[in-house]
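J.: Spelled out, the chains give:
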Amino acid sequence: MISLPGYARRGGRWVADVPSRFVRELTSSERDELARLCRERSKALGFRAAIVNLSARGVPIPEIMRQLGVSRPTVTAWLARFDKFGLRGLQDEPRPGRRPKLTPDVGRQIALVARSRPRDLGVQIARWSLLRLREYLVGTGAVSALSLESLRSALRRGGLSLKAIRTGIARKGTTMIPAAFEYHVPTSIGEATALLAKHGEDAKVLSGGQSLIPLMKLRLASPRHLIDINRIPDLAYIREAEGVLRIGALTRESDLEESDLVRTRYPILLETSKVIADPLVRNLATVCGNLAHGDPANDHPATMLALGAEAVAFGQKGERRIQAGSFFTGPFTTALNSGEILTEIRIPIPPPRSGGAYVKLERKVGDFATAAVAAQVTLKEKGVCERAGIGLTNVGPTPIKAKKAEAFLQGKRLDEGIIKQAAQLAAEESQPTSDLRGPAEYKRDLVRVLTARALTKAVERAGGGR
Amino acid sequence: MLVQVAINGEKHEAEVEPRLLLVHLIRDILRLTGTHIGCDTTHCGACTVLLDGRAVKSCSVFAVQAHGKEIMTVEGLEQDGKLHPLQEGFMQEHGLQCGYCTPGMLMASYAFLKKNPQPDEEQIRRAISGNLCRCTGYVNIVKAIEYAAAKLRQGGS
Ligand SMILES: Cc1cc2nc3c(=O)[nH]c(=O)nc-3n(C[C@H](O)[C@H](O)[C@H](O)COP(=O)(O)OP(=O)(O)OC[C@H]3O[C@@H](n4cnc5c(N)ncnc54)[C@H](O)[C@@H]3O)c2cc1C
Ligand code: FES
Ligand code: FES
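Chains as they are written, first to last, in this note's numbering: chain L, 26 to 491; chain R, 14 to 170.
There may be inaccurate statements among the hints.
Taking CB as the label site, the calculated pair distances span [stated by the list, open to error]:
no., chain 1, residue 1, chain 2, residue 2, range
1, L, Ser-247, R, Lys-128, 34 to 42 Å
2, L, Ser-247, R, His-80, 29 to 37 Å
3, R, Arg-67, L, Arg-66, 53 to 61 Å
4, R, Gly-47, L, Ala-204, 55 to 63 Å
5, L, Asp-470, R, Ala-163, 40 to 48 Å
6, L, Ala-219, R, Arg-44, 33 to 41 Å
7, R, Gly-66, L, Pro-377, 52 to 60 Å
Bear in mind the hints are in silico, worked out from the structure with no lab data behind them. Positions of the beta carbon are idealized from the N, C-alpha and C atoms, including for glycine.
Put together the whole structure using the sequences plus the hints.
T.: Okay, here's the thing in structure tokens:
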């Protein structure tokens, strides 16, 4: 080839040899292919071809930048790729410089596995999913590591796709509202208490999640470990045995509402469940969670105080029983220690001539109580009171057992006048504070009115003075 | 963590962080955007889906809790191109205005009518008390549910 000092041959033409970088000399087939690709400049490939084409025709980099509106690094990068890999360098996949990850052999093996039934290979699922397929391939050493994307494209190349099961990949930027935590799913109480013992104050039990998850979403709670007890079997029950009504840890509010036993024999429990939150929340919220949360605004505590219930706490050291009367120790604090799970509520089956009621005033349906009162009475003959239990909701730092009012009622005939006096005592025992739901004085008077109503209803249900 | 769920009869799976809320799995990852998000405080019910047949607020359940379970979303109501009587009822009785609350209303009332095919107005109002609507004033929503209940009783799908 002749040489002309000060000139260089570019694209079949002699051009001035300015100190600029140009793409290498093209072969004729490359020139044809580039010309073809250039016609589709809207596509990334056509655009890259145009860069190379212009350079091959001797257009200096600044001019290419101007004509195509691209930056210098873009131009030099594609020119360099073309110099090294030719037309293949302009393709997206496989990236130049990187060798294809999967050899054809491995690709064939993947296709073979994907076409087999998982069960024939000892994997107990009906159909492959990408994740399970990857797990199997990596597990058997067929590949050392594999991204889901390359697995997917390997399958595609083999004419396969996993359509029956869609696989979602959490993208960067997926919304994450609560703080991160480690999730544990024990399948026995023993396993759960061991986890609690191990993680101590850093761990929380997750039952219905209808108090805990809202708190976590607001980051008012950010436990580092969540012990989800929902998969422990045999914890959802409502049954009477040996003089006690037993309610298991995974019994939901909606289970109480639907239970014939509760509907016919425990109207006080039914009335309590029905006014908690809304049906959607009640489908998950548990009775035990309602107590364990220790929220003075929750409704079940007052009822359990009135019924004289007992909590069963299970920890590493075994089981202990806690009377409702000493269970609520402070705002959001209970007698449970951090290693214990509340596994059951035990309510003494009320003797004949007993009755109870729960009366709640709320601003709107589903709201926490402005105030609420639970009353449970057992009568002797002639309407004389043998036992009375009264619990108050959301009128103090804890649920309140109105002990003075209870003691006052004992041995008295529960007529209107006596009920009125007991209601006054209960009001005096309440410790409400002023808030959005009303001033303290209003709430105190509300306790008086609601106590009278609850007692009246309870006496009625117990068979009145008859 | 691996989560496998069946949504409207179709199996899905995803690798997620435990803190991912079920509603975000459904919307952001599996791209079923019929289920809405209306609040931060578990109050509005726009996110209502059926989890193993129970209507729950999917913004207040972690995706990992749904592992191995059946989910039904509003996309599962229509069958073979035919609207569900509830959807038809909401259309006929003008049970929606902006439509934001509608998927939640539909799912809550779907679960409710399964349990109580012959409800009175009071029961319907209680059943949707976890679903807030800022447009309609609820009157037409109640009518829509009554419409669907009647149609379902006549055997309309
Ligand atoms: C919109 C809305 C309205 C509501 N309105 C009311 C209402 O009017 N009245 C009312 O009473 N409640 C109301 N709640 C609260 C609801 O009833 C809660 O579900 C309940 O207080 C907690 O029960 P849970 O099973 O959901 O517990 P979770 O939220 O799972 O747990 C609550 C707390 O108790 C602990 N815990 C739970 N179970 C156990 C256990 N077995 N052993 C040891 N610790 C445990 C947890 O670690 C956590 O700290 C409302 C909730 C919402 C979202
Ligand atoms: S988004 Fe409002 S309750 Fe779920
Ligand atoms: S139609 Fe607009 S919120 Fe219900």
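J.: Run every hint past the structure and note whether it holds.
T.: Each hint, compared with the structure:
1. Between L:Ser-247 and R:Lys-128 the Cβ separation comes to about 37 Å, which falls inside the hinted range of 34 to 42 Å.
2. Between L:Ser-247 and R:His-80 the C-beta distance comes to about 22 Å, which lies outside the given range of 29 to 37 Å.
3. As the Cβ distance of R:Arg-67 to L:Arg-66 is approximately 56 Å, the hint placing it in 53 to 61 Å holds.
4. Take R:Gly-47 and L:Ala-204: their Cβ atoms lie about 29 Å apart, and the range 55 to 63 Å is violated.
5. L:Asp-470 and R:Ala-163 have their C-beta atoms about 46 Å apart, which keeps the hinted 40 to 48 Å range intact.
6. Between L:Ala-219 and R:Arg-44 the C-beta distance comes to about 39 Å, which sits within the given range of 33 to 41 Å.
7. Between R:Gly-66 and L:Pro-377 the C-beta distance comes to about 38 Å, which lies outside the given range of 52 to 60 Å.
Hint compliance for this structure: hints 2, 4, 7 are broken, all remaining hints hold.
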